[in-house]
Amino acid sequence: MAHKILIVDDEPNIVISLEFLMKKEGFEVAVAGDGEDALAKVAAFAPDLVLLDVMMPKKSGFEVCEALRADPARAGLRIVMLTAKGRDTEVAKGLALGANAYVTKPFSTKELVAKVKELLAA
Amino acid sequence: MLSAGFVLLLSAAYLGLLFAVARYGDARADAGKSIISANVYALSLAVYCTSWTFYGSVGRATSGGLSFLTIYLGPTLMLLFVGVIVKMIRISKDQRITSIADFIASRYGKSQLLAGLVTVIAVVGIIPYIALQLKAVSASLEIVLKTSSDDLVPGFLDATFVVAALLALFTILFGTRHLDATERHEGMVAAVAVESVVKLVAFLAVGLFVTYGMFGGFADLFARAAAHPDLANLLRLDASRAGTWAALILLSGLAIVFLPRQFQVIVVENVDESHLRRAVWLFPLYLLLINIFVLPIALGGLLHFQGQPFNPDTFVLTLPLSRGAEALALLVFIGGLSAATGMVIVETIALSTMVCNDLVMPFLLRSRRLGAGSGEDLSGLLIGIRRAAIVAILLLGYIYYRAAGEAYALVGIGLISFAAVAQFAPAMIGGMYWKLGTRAGALAGLVGGFAVWLYTLLLPSFAKSGWIDNGFVAAGLFGIPALKAQALFGLTGLDEISHSLWWSLFVNLGLYIGVSLLSRPDAVEAGQAERFVDVFRRSSADADARLWRGTASPGELAALLERFLGRARARQQLDAFAAARSVDDWRALPADAEFVRFAEAQLSGAIGSASARVMVASVAQEENLGLEEVLDILDEATQVRAYSRELEAKSLELEAATAELRAANERLREVDRMKDDFISTVTHELRTPLTSIRALSEMLHEDPEIASDDRTRFLGIIVVEAERLTRLINQILDMAKLESGRAEWTTSAVDVGEVAREASESLGQLFRDKGVALECVVAEGLPTVLADRDRLTQVMINLLSNAVKFVDRDKGSVQVRVGGDGDRVRVEVEDNGPGLTPEEAVVIFEKFRQGGNTMTDKPQGTGLGLPISRQIVEYFGGNLWVESRPGAGARFIFTVPLPDRT
Amino acid sequence: MKRSNPMRQRLAALCLFGVLLLTYPLLGLPGGDWNGLPAVYLYLFGVWAGLILLAAMVAERRA
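Residue numbers (this note's numbering), protein chains in the order written: chain F, 37 to 158; chain C, -19 to 882; chain Y, 105 to 167.
Because the hints were derived from the structure by calculation, they are not lab data.
Every value quoted in this text rests on a predicted model; they were computed, and no experiment measured them.
Errors might be hidden in some of the hints.
To be verified - Here are some, though not all, of the chain C residues that point toward chain F, as calculated from beta-carbon distances under 7 Å:
{"no.": "1", "residue": "Lys126"}
{"no.": "2", "residue": "Val371"}
{"no.": "3", "residue": "Ser660"}
{"no.": "4", "residue": "His664"}
{"no.": "5", "residue": "Leu670"}
{"no.": "6", "residue": "Thr671"}
{"no.": "7", "residue": "Ser672"}
{"no.": "8", "residue": "Ser677"}
{"no.": "9", "residue": "Glu678"}
{"no.": "10", "residue": "Gly696"}
{"no.": "11", "residue": "Ile697"}
{"no.": "12", "residue": "Arg865"}
To be verified - In silico DSS-like links for lysine-lysine, alpha-carbon gap of 25 Å or less:
{"no.": "13", "chain 1": "F", "residue 1": "Lys95", "chain 2": "C", "residue 2": "Lys827"}
{"no.": "14", "chain 1": "F", "residue 1": "Lys129", "chain 2": "F", "residue 2": "Lys59"}
{"no.": "15", "chain 1": "C", "residue 1": "Lys67", "chain 2": "C", "residue 2": "Lys444"}
{"no.": "16", "chain 1": "C", "residue 1": "Lys73", "chain 2": "C", "residue 2": "Lys13"}
{"no.": "17", "chain 1": "F", "residue 1": "Lys95", "chain 2": "F", "residue 2": "Lys146"}
{"no.": "18", "chain 1": "F", "residue 1": "Lys121", "chain 2": "C", "residue 2": "Lys827"}
{"no.": "19", "chain 1": "F", "residue 1": "Lys153", "chain 2": "F", "residue 2": "Lys40"}
{"no.": "20", "chain 1": "F", "residue 1": "Lys59", "chain 2": "F", "residue 2": "Lys77"}
{"no.": "21", "chain 1": "F", "residue 1": "Lys60", "chain 2": "F", "residue 2": "Lys129"}
{"no.": "22", "chain 1": "F", "residue 1": "Lys151", "chain 2": "F", "residue 2": "Lys40"}
{"no.": "23", "chain 1": "F", "residue 1": "Lys129", "chain 2": "C", "residue 2": "Lys655"}
{"no.": "24", "chain 1": "F", "residue 1": "Lys94", "chain 2": "F", "residue 2": "Lys60"}
{"no.": "25", "chain 1": "F", "residue 1": "Lys121", "chain 2": "C", "residue 2": "Lys655"}
{"no.": "26", "chain 1": "F", "residue 1": "Lys94", "chain 2": "C", "residue 2": "Lys827"}
{"no.": "27", "chain 1": "F", "residue 1": "Lys59", "chain 2": "F", "residue 2": "Lys153"}
For each residue, glycine too, the CB sits at the ideal point set by N, CA and C.
Let's have the full structure, built from the sequences with the hints guiding it.
Here you go:
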């Protein structure tokens, strides 16, 4: 059975590229355009992994991550934070909030796919 | 009719009450809870108002009109020189000064000769003044009892003598409880303050009685007096006496500080320098109040007793009595008694200290038996001497009173006394501010001034009383006209007081300055001059310690203290001194300069600085420092002080510089943080399109199998995002140029309406594509503005593309209006889009903060358009803002000012 | 203690001001009657009271 991946980003063109990339790798994909949408989609779609943008309207990626980690039922959910801000403090903050990986934009598609597969295999 | 027994009993009861107050004050002082407040201090200064004020002011007013006021205006003005008085207090505390004689002697090298001279001048000048008080008490008694006062006591005594004896007893009880004269007499001060209140209340009472009881108020009294040719003159000032007026203000201004009793209450009895802040206005207020009714009472008396024999000096008593107001008369009598006793007690204490320390002790100490070699305890003897001096002074006062009787020499003594103590002014004030003043100068000035005073004022008053031949007044000494006592060297046109004051101060000041400049101070003097003049600047005892070099033994010094202070008190002081130097037992103290100075200061408090110095010298083998050496040490101390002041100034400067640096650093860090935020935001904005471009192009590159429509779609996205990236980079550069002020501007006359129309036209296709209506309304005849046409176009295009971005497809409409608004051109771009919340209306002008959340429109905005537009408009002196409500569209408005027509 | 104490300087200035007001020639100016009272009487006490008031304001003001 294919792993399910939720893509959360407010940039439509990034969503398009990620969606295409993940579908090509054989994952089942859903998308969300902002933080609140993301939480709703997690509940409805029950993904195995979330690709989560940090800078989003309504709820930032950090807040979404925090909310997801506060839910014990979602303990197995992998979270990969994506951000265009590459500052060390933000990487540290994301990891401290419970993200499994932190990827800065623009990312290499190969590496991102490898990271996603590695996390899902673990 | 008041019975003698009742009046005497009342007087005794009143004095008893004062004594109780004094005891209470002393007890509180002993317990460390001083009752001397700023108010008590200020009231105690009113010891200035003696019976000469209480009875005599009215008398002066009957002959001189308002000129009596000078005696009270002078002190009012003098007290405003608070700095002089604070300095005097500070020096006195530093040097343990006990009297005005001690002050002068101490300044000029602790000279016994100078101390003795000042004491003699003070005693000669003041004894008649004390006699005047005795006379006032007995005269008031006679009036109240309508009988000769001598009938009141057994025939071999007279009432005035009894009064003097009682006052002596009272003064001894008040003033010699402790030996150490620098220890304040707080009980006495409290009693004097009470007396001040009593005499003020009594005087105001009689004033109100005369003005409103016997006459119809001020206006009535003045009107009646004005109608009377003799009295009308009293209501005017005589401009021909301008010189006298000024001289009396000067004289009384000096007296308020230099009368021994005033020096006692102002300086020696001062508990806290800050009390002066109260005294500086409360005491003058007291003087004002006690003088308001003087002229009315004088006029009232003159009007009332017209055609009868009267003595204006006793109006305050005879006026109430003439109307049968015996209770009021009794109150006035008590008030007068207060005025007299207060003066006598304080003056006698001050004088007895001076007589004991500066006249008697030097002689006693020189005698073999009591001198340096003897080990006898002298503390009891000292108290005895002081008590004897009190008795002697009052006895002298009594004798003078007896001898003078009604003579002029008594009546006029008030101002004569003032003129005597005014002689202290040059040596005192010069000593506090002029380091070059020397002992020789002070001696010469005092002797000269005193001699002139004697010759031009005191002796003529004797002559007027018929005690001596008045030839030297009428014809001049030895018949030389230039030596006429009251027209010296032909100086006429002045009254006798001004004449004497002028000549005596002229001679005094001239000799003081002249002789000082011609003489050299010795080592001790130079040291003291430094200590007095620089009292506020002195910080360490270091120079003091080095100014004394020699050998002494603690045992001998301690023995000396025990001799003069008594064993218990000496031990107590030594223990305190040892404790202050963190030594358990004073016997373990080194007999160094500090110890010697301590011993000398303790002795000064008991026997005055001059005698103390002699005594310490008798047990301590002092090496004589030469003058040069002393001056070197003082010079060095001054240099060290100057250096430390410089250091202090430097360190202050440094501190300021550090603070400035810190602030600058803070600013830099803030700028840095902002820059960091900016870069981080810019990075984010640049990376976002790059992310799509890279991801999509990587996928296209790696997978040739991608379906052709996906391929086309992805390439489209890449193109759009690359355009976005380009636009972003251009705007960031534009923004950076604007912010750094490096943007290039081409300013010319611009027709804003035309710019709006052109911008609308250039975006016409965009609007039509989205089905949005665009209307452009330009008012007729708008003047041109000075601006950069391309930049204004940029602003217009930005606003229009924003508007079209946020309105609904096919339903949207945008209106552009250009019109005048006073001295500006106003451009509005209104849409019917979703509108903005008040928060959004603010943040949209911040960099990279875009309005709206519509995903589809987002890539079109960089978040820099509005900030750049605002920068441009503000550059031309205009404003850019938005008016909007959510759901009601938005109206962006900018204005550009018209050029100044002038 | 600071050497240039502003309170002391203000009071000293007040003194100089008072000297001018309370001596000739200014003292010769008030003449005649003001409301039935001799003008010079009112002038002297008025200036005096004014000086006292100003001195109180200067001296009692907390530094």
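| Does the CB of serine 660(C) sit less than 7 Å away from some CB of chain F? | holds (6 Å)
| field | Proposed proximity, lysine 827(C) with lysine 94(F) (alpha carbon, max 25 Å) | value | holds (19 Å)
| Do the alpha carbons of lysine 73(C) and lysine 13(C) lie within 25 Å of each other, as the hint requires? | At roughly 20 Å apart (the allowed maximum being 25 Å), lysine 13(C) and lysine 73(C) satisfy the hint.
| message | Hint validation: isoleucine 697(C) versus chain F, beta carbon distance must be below 7 Å. Holds or violated? | response | Hint holds; isoleucine 697(C) Cβ to chain F Cβ min 5 Å, cut 7 Å.
| When the nearest CB of chain F is found for histidine 664(C), is that gap smaller than 7 Å? | Given a least distance of 4 Å, the restraint on histidine 664(C) holds.
| said: Holds or violated: the hint that valine 371(C) contacts chain F, with Cβ atoms closer than 7 Å. | reply: Hint violated; valine 371(C) Cβ to chain F Cβ min 93 Å, cut 7 Å.
| Holds or violated: are the alpha carbons of lysine 94(F) and lysine 60(F) at most 25 Å from each other? | Violated - the C-alpha atoms of lysine 60(F) and lysine 94(F) are around 30 Å apart, more than 25 Å.
| task | Take a quick look at whether lysine 60(F) and lysine 129(F) sit within 25 Å of each other, Cα to Cα. | result | violated (31 Å)
| query | Is the Cα-Cα distance between lysine 95(F) and lysine 146(F) 25 Å or less? | reply | violated (29 Å)
| request: Would you mind confirming whether the straight-line C-alpha gap from lysine 59(F) to lysine 77(F) stays at or under 25 Å? | output: holds (17 Å)
| message | Given arginine 865(C) as an interface hint, is its Cβ closer than 7 Å to any Cβ of chain F? | response | At about 21 Å, which exceeds the 7 Å cut-off, the nearest Cβ of chain F leaves the hint on arginine 865(C) violated.
| said: So, as I understand it, the hint says threonine 671(C) touches chain F; can you test that by seeing if any CB pair is closer than 7 Å? | reply: Holds. Min distance 4 Å.
Consistency note: the structure conflicts with the earlier hints numbered 1, 2, 8, 10, 12, 14, 15, 17, 21 and 24.
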